[in-house]
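Visitor: Sequence:
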Amino acid sequence: QRGVGIKSTPVTIVLPDTKGKSFLFNIIDTPGHVNFSDEVTAGLRISDGVVLFIDAAEGVMLNTERLIKHAVQERLAVTVCINKIDRLILELKLPPTDAYYKLRHIVDEVNGLISMYSTDENLILSPLLGNVCFSSSQYSICFTLGSFAKIYADTYGDINYQEFAKRLWGDIYFNPKTRKFTKKAPTSSSQRSFVEFILEPLYKILAQVVGDVDTTLPRTLDELGIHLTKEELKLNIRPLLRLVCKKFFGEFTGFVDMCVQHIPSPKVGAKTKIEHTYTGGVDSDLGEAMSECDPDGPLMCHTTKMYSTDDGVQFHAFGRVLSGTIHAGQPVKVLGENYTLEDEEDSQICTVGRLWISVARYHIEVNRVPAGNWVLIEGVDQPIVKTATVTEPRGNEEAQIFRPLKFNTTSVIKIAVEPVNPSELPKMLDGLRKVNKSYPSLTTKVEESGEHVILGTGELYLDCVMHDLRKMYSEIDIKVADPVVTFCETVVETSSLKCFAETPNKKNKITMIAEPLEKGLAEDIENEVVQITWNRKKLGEFFQTKYDWDLLAARSIWAFGPDATGPNILVDDTLPSEVDKSLLGSVKDSIVQGFQWGTREGPLCDELIRNVKFKILDAVIAQEPLHRGGGQIIPTARRVVYSAFLMATPRLMEPYYFVEVQAPADCVSAVYTVLARRRGHVTQDAPIPGSPLYTIKAFIPAIDSFGFETDLRTHTQGQAFSLSVFHHWQIVPGDPLDKSIVIRPLEPQPAPHLAREFMIKTRRRKGLSEDVSISKFFDDPMLLELAKQDVVLNYPM
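The numbering used here numbers the first residue of the sequence shown as 129 and each following residue consecutively.
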């Protein structure tokens, strides 16, 4: 209905190149909408290279930029196809020279982005290198410089088309008198070779078909060697144009040449793929079998997507066989995302059902699939949630998993769902399990209040999830609450005093303070620029050089929280002269667990804590192991994390979207108005070269973005088009713990009251008490200490 792709579609197809040699292509067509970038991530994981399609008229947009960055990070070969070039001619009506400038501008822009994200200086895109092709899928046009030059060679005979192709791009001109190519224009009216030999013939073909069908078209087509029947000449303009172009350009051999030349085969690309995605050692026998893509080695298959059957009952796992050969009916061991050699709980023995090779709308059943190919597997879906590693049940004990997918966007929008008829709850839960398998980055969870929550990347994404849930997977009526966003909790100052907590048996006491992290550090941890698994020396060097930490603090980092890529840090800041380090070391794991539990569910409204550094200043630990067990230490560590956090001026953070709007010049002021009404602000507006549109870039809080697109279309009579994607977290104005603020129902709050409003409403929705109760997080001795220091607490006791 919407005309956008929402699921990736794998196709395995045999295609010929210019010389007539055939190649087997495994292509996965991924959605272009920025909400569905999780499908792209799943596709990139099992591919060796990408062909990036760019609209010739719209140029490089928000998603193009993100995809280039993502492909470069995944270490994939990048090629570009500039599609819809007919729009430059038929829609924008650009003269041929301007069309050349527009195409060159797109190539330059893509190269600029690649050089920004890539460390490989040899990665340059240019039609001369053969890694850029031009196409119009609507009219069956597809060519590279090489394939267009071959058309000339086939027509005029003795031309070395490869040499000719090298002179068809850039500031090169053809001198008809000397019949040579020069870098200087022979006359003032001379055209560049790309314009003269490629664009002008293309313009003539399109203009002839669109403009003057009856009189001169047959003669022109005869010159080109294209013969049409009388019936074909009577076709409507579009089908006729498609037919003429198909006969002129022939098969898509240029596209095949480009892929074969610039994208490595599964055998060549295997080593890079394994190094980047496999958690085990590359030097092991298993690693070597995968690096060589050995069909006779031990079976290793990595599945990244789940496709449901038409009736929505079962799922087929889609993945790539990296070594060995998978057979229909063989027993396999499926390793889940939490599997490690130490903890083998997340694994299960299954029997493979049938195997298929996917060809978009239909599948071809096969009885075995060797290494280097993609495969659809029946019968292993039960234990798989998102991605999995499929291996042999015995004799392959060393097998480790492939890294779970790392998405380039964050799910921040959530909706609560419940069945209209309460007795249908089991059906809905089954449906939730299925959509969770079907959408790679979707998260479903149950709040403490018992409500079922779905987290997604945006409105369109959740709309599709709800459609699938209602129509395909559970087929019941489901009520949906208003969408809300996830928040984060943070601090803006250092704790005003040392906070301590005693264990219930009064034999241990931990003292901590909290302070904000340096700017940019949280993002570095999340993007894995720094990893907690590094050795202490390397970790210390990173924090010393990049963030000016002192050596002692940099080497005393205990953990990141709430997980290994969590944006909070726990530092041991105790001195050996004051604290028994060996005793403290014996409870390190328990304190880290308490810290990670605390940062997973903050004290303000049970949301993640972000951007906070917790320092352990002092610790009194009991001598006897019996008195310092996890049951004593973990809840105490969590409590002291909370009290240190509450003493450091806590604040709420909300997600902000980066929005890109394309609109005609006369609509720009309307876009500004719509953004201003939603607390948004514009960062840039500029005309798009070679088109009548403007691009407006802006930031808007996610909580105010619901219905933004509809609002925008209403105000611009449907002329503006917008894309929005999560960009960063920003502190909500106001103090969430200010008791003097009264929240009145159904009244919009002024900006300084927002933090308080968000906190109270989130707590109500989660079934927590109205306000943060302090006695829960502070011990009696601590409260006495606060009273002594005359700390005014506006928290309820």
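A hint or two may mislead.
[Stated by the list, open to error] Below, in silico cross-link-like pairs of lysine-lysine (DSS-like), each with a Cα-Cα straight-line distance of 27 Å or less:
1) Lys294 / Lys374
2) Lys916 / Lys894
3) Lys362 / Lys221
Quick caveat, the hints were computed from the structure, so don't treat them as lab data.
Visitor: For every hint, state whether the structure bears it out.
Guide: Here is how each hint holds up against the structure:
Taking the CA atoms of lysine 294 and lysine 374, the gap is near 24 Å; set against the 27 Å cutoff, the hint holds. As the CA atoms of lysine 916 and lysine 894 are separated by approximately 35 Å, the hinted pair breaks the 27 Å bound. Only pairs whose Cα atoms come within 27 Å are accepted, and lysine 362 paired with lysine 221 is accepted, the gap being roughly 25 Å.
The structure shown violates just one earlier hint, number 2.
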